[in-house]
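Number of protein chains: 2
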Amino acid sequence: MKNVYIIGVGLIGGSIAIDVKKLNPEIMIYGIDKNESHLNEALSLKIIDHKANFEDIEKADLVIVSIPVDTTESLLPHILDNVSDETLVIDSGSTKASICKVVENHPKRRNFLATHPIAGTEFSGPKAAIEGLFKNKTNIICEIEKTAFKLQERALTIFKIMGMNLRYMNPEAHDKHIAYVSHLSHISAFMLGKTVIEKEKNERDIFDLAGSGFASTVRLAKSSPYMWTPIFKQNKTNVIETLDEYINNLTKFKELMETDNFESIFNEMENTNHIKEILNGID
Amino acid sequence: MKNVYIIGVGLIGGSIAIDVKKLNPEIMIYGIDKNESHLNEALSLKIIDHKANFEDIEKADLVIVSIPVDTTESLLPHILDNVSDETLVIDSGSTKASICKVVENHPKRRNFLATHPIAGTEFSGPKAAIEGLFKNKTNIICEIEKTAFKLQERALTIFKIMGMNLRYMNPEAHDKHIAYVSHLSHISAFMLGKTVIEKEKNERDIFDLAGSGFASTVRLAKSSPYMWTPIFKQNKTNVIETLDEYINNLTKFKELMETDNFESIFNEMENTNHIKEILNGID
Chain V
1 MKNVYIIGVG
11 LIGGSIAIDV
21 KKLNPEIMIY
31 GIDKNESHLN
41 EALSLKIIDH
51 KANFEDIEKA
61 DLVIVSIPVD
71 TTESLLPHIL
81 DNVSDETLVI
91 DSGSTKASIC
101 KVVENHPKRR
111 NFLATHPIAG
121 TEFSGPKAAI
131 EGLFKNKTNI
141 ICEIEKTAFK
151 LQERALTIFK
161 IMGMNLRYMN
171 PEAHDKHIAY
181 VSHLSHISAF
191 MLGKTVIEKE
201 KNERDIFDLA
211 GSGFASTVRL
221 AKSSPYMWTP
231 IFKQNKTNVI
241 ETLDEYINNL
251 TKFKELMETD
261 NFESIFNEME
271 NTNHIKEILN
281 GID
Chain S
1 MKNVYIIGVG
11 LIGGSIAIDV
21 KKLNPEIMIY
31 GIDKNESHLN
41 EALSLKIIDH
51 KANFEDIEKA
61 DLVIVSIPVD
71 TTESLLPHIL
81 DNVSDETLVI
91 DSGSTKASIC
101 KVVENHPKRR
111 NFLATHPIAG
121 TEFSGPKAAI
131 EGLFKNKTNI
141 ICEIEKTAFK
151 LQERALTIFK
161 IMGMNLRYMN
171 PEAHDKHIAY
181 VSHLSHISAF
191 MLGKTVIEKE
201 KNERDIFDLA
211 GSGFASTVRL
221 AKSSPYMWTP
231 IFKQNKTNVI
241 ETLDEYINNL
251 TKFKELMETD
261 NFESIFNEME
271 NTNHIKEILN
281 GID
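Protein sequence lines correspond, in order, to chains V and S.
Residue numbers for the first sequence follow my numbering, so the first one is 1 and each next one is one higher.
Residue numbers for the second sequence follow my numbering, so the first one is 1 and each next one is one higher.
Chain V on its own, in the form it takes in the complex (with noise of 0.2 Å):
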């Protein structure tokens, strides 16, 4: 392997580059992104060799796609196109059935391998990378019977090098499963953040008050729009179905209070205690 690009030079993205170019300084990263500044950013910050174009990914072994969803979705059977028999190209988006799908007949569909690594932080760009970020993280993989066996066998040294923990599932079940732990806990962010917001319009200084308690609760409140808005899209029916159970148990637990069922409340909290063990070792 010698030649890597990386499209969309971002927080995954760019952590993806330090990561492989530091298992082998001899490989050369190539940047692709359609943000001229976030280029010259990577570059700059050593993070990418080179700037290419999207023309030059013919000569690549390793394509890494980070870019959000819906570019992926409609880029992706294009950089199929252009890239030749022995080039691997990985995505690392958030959805999985929609992206699957829409190479589910292209004649290069086995030079292309599904993935969704859990790692991430709530910034973005290139100045967001960090080394070591997949480190000890899960890595899901989804139709790996797709891509061809050397490409497979491509991938898979790459992810254990990075300390990746492998888990595979059907691109279906990943979006399904996903939407609980990870699209569901940004939007109660958002709201919990905009619930706040809206109301130190009227009361100042609401935020002296705030502790770090809020700050953890609220921290995915932080996250890009130009990333979340296509993950809600693509994933809409398993988030909404999400969003349907949460808002019940919420305003289940709004009728205890409003009932003075205090009693249900400590069982309601202390059931869901339980996350204690859950969360041992993710946090």
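Copies of the same chain are indistinguishable here, so a pair counts whether it falls within one copy or spans any two.
Below, computed lysine-lysine pairings styled on DSS-like, alpha-carbon distance capped at 27 Å:
1. K21 / K137
2. K2 / K150
3. K254 / K199
4. K233 / K254
5. K146 / K101
6. K276 / K233
7. K276 / K34
8. K276 / K137
9. K199 / K101
10. K252 / K176
11. K252 / K199
12. K201 / K276
13. K254 / K201
14. K34 / K2
15. K137 / K199
16. K137 / K201
17. K236 / K252
18. K276 / K199
19. K2 / K127
20. K146 / K233
21. K254 / K101
22. K150 / K22
23. K276 / K127
Hints are computed from structural coordinates only; laboratory data are not their basis.
These numbers were taken from a predicted model, which means no experiment stands behind them.
We have chain V already, so just place chain S on it with the hints.
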């Protein structure tokens, strides 16, 4: 100041004890707790110097009350009955209106100072107590004008040495504001945890896919129901108001998704990104 009594040697009371002892090692710290094993734990962790009983507080220069807010409400009048004219009694509860109300006509009202240090973690008990927990944190002080001048001074000196930023509010404004930036976050986290745990009953391994984003958003769901049930009870009206607004915002977000209005979804998130600047300095 020689004798300090801590009623409730948990996260908050224990952390105050550690800081007070550090600022003057000659101060004797006495612990009172209905949980005998917590008391022994606090003793062996050297958070307190001696175990004590409720009757001993007549010898106290300072009494810190850091127990669930319903117990504070019922116990505070008796604490004031039992202390000397020179004793300062401070509570640290997350609600202020009911607590101030219950002692408003007490003959020793001037010995009491109502405070709410905005600090903590999701853990509880003496083992959770840590040094410097309150450094650079906000302490909200209510009705300071009702506390004897000399005792105000004693309290402010201690808070200053602990490194706290002081804010003065009336109890009703405190309870209204804190419902938004603290109480609502807890419910949001508890119900998010509940929604995902319920789903896991049918969909195994869902937590394998959880990352640090989920862990952050749901962190407060580890909090103690013994502390939080009475907080929600005492601040019922304000909390229900915040819950109404939060549920309303979530429902509107869901409707935007259902009607494929992803331009508005984008705007909702972009407007809330403003939380970045607000959180600067909190987390």
